[in-house]
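> This is what each chain is made of:
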Amino acid sequence: MTGQGPIPAAAGLGLRFAHLGEVIATEAAIPFVEVHGENHLSGPAGVALEVIRQDRAVSLHCVGLSPGSAQGIDVTHLERLAELARRVEPALVSEHLAWNAVDHAHLADLLPLPLNRESLDVVCRNVERMQEAFGRRVLIENPSTYVQLPQSDIPEGPFMAELCRRTGCGMLCDVANLVVSCHNHGWDPRAHLASFPAWAIGEYHLAGHERAEGLLIDTHDRDISAATWSLFDEALATIGPRPALAERDRAIPSLDEMLAEMALVQAHLDRAGQRHAA
Amino acid sequence: MLLEFQRAFAAFLMHGAPPPAAIDRAPGNAVRYGVYQRNFAGNLAGALSGAHPALHRALGEAMFGELVIGFAATNPPEEADLHRYGGGFALHVSRVMPEPAWLPDLARVDWAASCALHAPDAPAVTADMLDAGLLANAGTLRVVLRPHPSLRLLALGHRVRALREALLAGDDAAALDASRKISTDGENLAVLRGTEGITVLDLPPAAFRLATRFAGDIPVTDAVAGEVDAEALGLFLHHGFFSEAEVT
Chain Y
23 MTGQGPIPAA AGLGLRFAHL GEVIATEAAI PFVEVHGENH LSGPAGVALE VIRQDRAVSL
83 HCVGLSPGSA QGIDVTHLER LAELARRVEP ALVSEHLAWN AVDHAHLADL LPLPLNRESL
143 DVVCRNVERM QEAFGRRVLI ENPSTYVQLP QSDIPEGPFM AELCRRTGCG MLCDVANLVV
203 SCHNHGWDPR AHLASFPAWA IGEYHLAGHE RAEGLLIDTH DRDISAATWS LFDEALATIG
263 PRPALAERDR AIPSLDEMLA EMALVQAHLD RAGQRHAA
Chain F
11 MLLEFQRAFA AFLMHGAPPP AAIDRAPGNA VRYGVYQRNF AGNLAGALSG AHPALHRALG
71 EAMFGELVIG FAATNPPEEA DLHRYGGGFA LHVSRVMPEP AWLPDLARVD WAASCALHAP
131 DAPAVTADML DAGLLANAGT LRVVLRPHPS LRLLALGHRV RALREALLAG DDAAALDASR
191 KISTDGENLA VLRGTEGITV LDLPPAAFRL ATRFAGDIPV TDAVAGEVDA EALGLFLHHG
251 FFSEAEVT
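If you read the protein sequences in the order shown, they are chains Y and F. If you count by my numbering, then the first sequence holds residues 23 to 300, one letter each, in order. If you count by my numbering, then the second sequence holds residues 11 to 258, one letter each, in order.
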């Protein structure tokens, strides 16, 4: 399965359940929509996505495959998502560098993974399994983290680079997660960004975060911070334009507001494109 | 080592204990690990309140959250599709909150509606598709009507439908009034997804028995035992109880 053609380096819309009907009806220019695969496995949301994909490119963003699970991928869940992908033929498929399942318990969050040789082997094996099932390259997203695990001995950037090199997968660079993790761990955001495998990055994410008890919390419930916009501009200048998306998962605004946020992302992409052209 | 770490982390999330040594006991990290505990509880509360909106409204945020923590400790989701999480929640409610006695039935209707909402899609057989003559002759033809994937039939001990409607409408005064009038003479409900969304029907006993027999995927002739209840069949067809028909 090759899916839809490549998504242009343009801003897309994070499509949520509340806006399905409006997006089917709207004639607004939307270069692509991104959905959480787990929300469209059945029922009306699944049918709606099949309608939407007739007119728009789709990016399938998964949250429950748990590529970091020591016990491997849940093959039943993987097959359900692969079946959805066969129907929708997405232009992009992505997941997270995280885990959320052990001993048949699904823990409903993107949990921190120790980054070391053992976990690299595990993630490589699981990502290869995913790519076999989807019949295509997937993108793996850098997560937001709140703890530095003592078992980790490989930095995130080199870990991602080795994962991409060994499996042929790509990377989804979540700029907001980078801002959150760097604040929480005292890392330099620009240096951390520079450590990512630029050659493998196939998409950017942005989102808002909350500040609480000295930490930044990745909440996806508010406007994108100035620090995230600034680092996004840095990424566009050093890595280059890619498909990009502002995520909202809580306190979801109206579709018009979502489209306005999409236009803001597009404006940053356009400015970066003009600088490249100059 | 990774598996040991993940098992320890899961136990930490589900049981609320301090981070075990297998994770990290660095001083000052409690706040950081607390983010994951709050996310875990919050995401499951979101999934369960989405699947049980009337129960959530009836109990309020704090009490519902306590129920979720107790439920999640012994019944974490078994799969990543959280729309399918919550099948045992009504039973959990009945065990930990014996009063008011109608709460578990309210949870059952919520859960049936959630299952209906997320059931696979399938075109419904309509009355136009089965002409009246066919139904009238069901005693001589072999007609199999299969239940729509979204159809759920509930035989409840308490009449909670009116209360649930008031709760979903956000009408607290009507909900309070309805809760005072809940009777224990039982209620037979059919819950399913139609073109207009989720429908909850209160069926007369005879129609409910007939619907229950259809839900077993058996021929019309067997289901009605030679007596076609045209009115009940018409009701079922009108509301899209069936997803396919086979006539031989």
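It is possible that some hints are incorrect.
Using C-beta positions, here's what the derived DEER-type ranges look like [unchecked claim]:
| no. | chain 1 | residue 1 | chain 2 | residue 2 | range |
| --- | --- | --- | --- | --- | --- |
| 1 | F | E14 | Y | V73 | 20 to 28 Å |
| 2 | F | P110 | Y | D271 | 30 to 38 Å |
| 3 | Y | I176 | F | A27 | 27 to 35 Å |
Calculated directly from the structure, the hints in this document are not laboratory data. None of the values given here were measured: they were computed from a predicted structure. We put the beta carbon where it would ideally sit given N, CA and C, even for glycine.
> Next step is simple, just say for each hint if it's right about the structure.
Consistency of the hints with the structure:
no. : hint                          : verdict
1   : E14/F <-> V73/Y: 20 to 28 Å   : violated (46 Å)
2   : P110/F <-> D271/Y: 30 to 38 Å : holds (34 Å)
3   : I176/Y <-> A27/F: 27 to 35 Å  : holds (29 Å)
Comparing the model with each earlier hint shows a violation of hint 1 alone; every other hint is respected.
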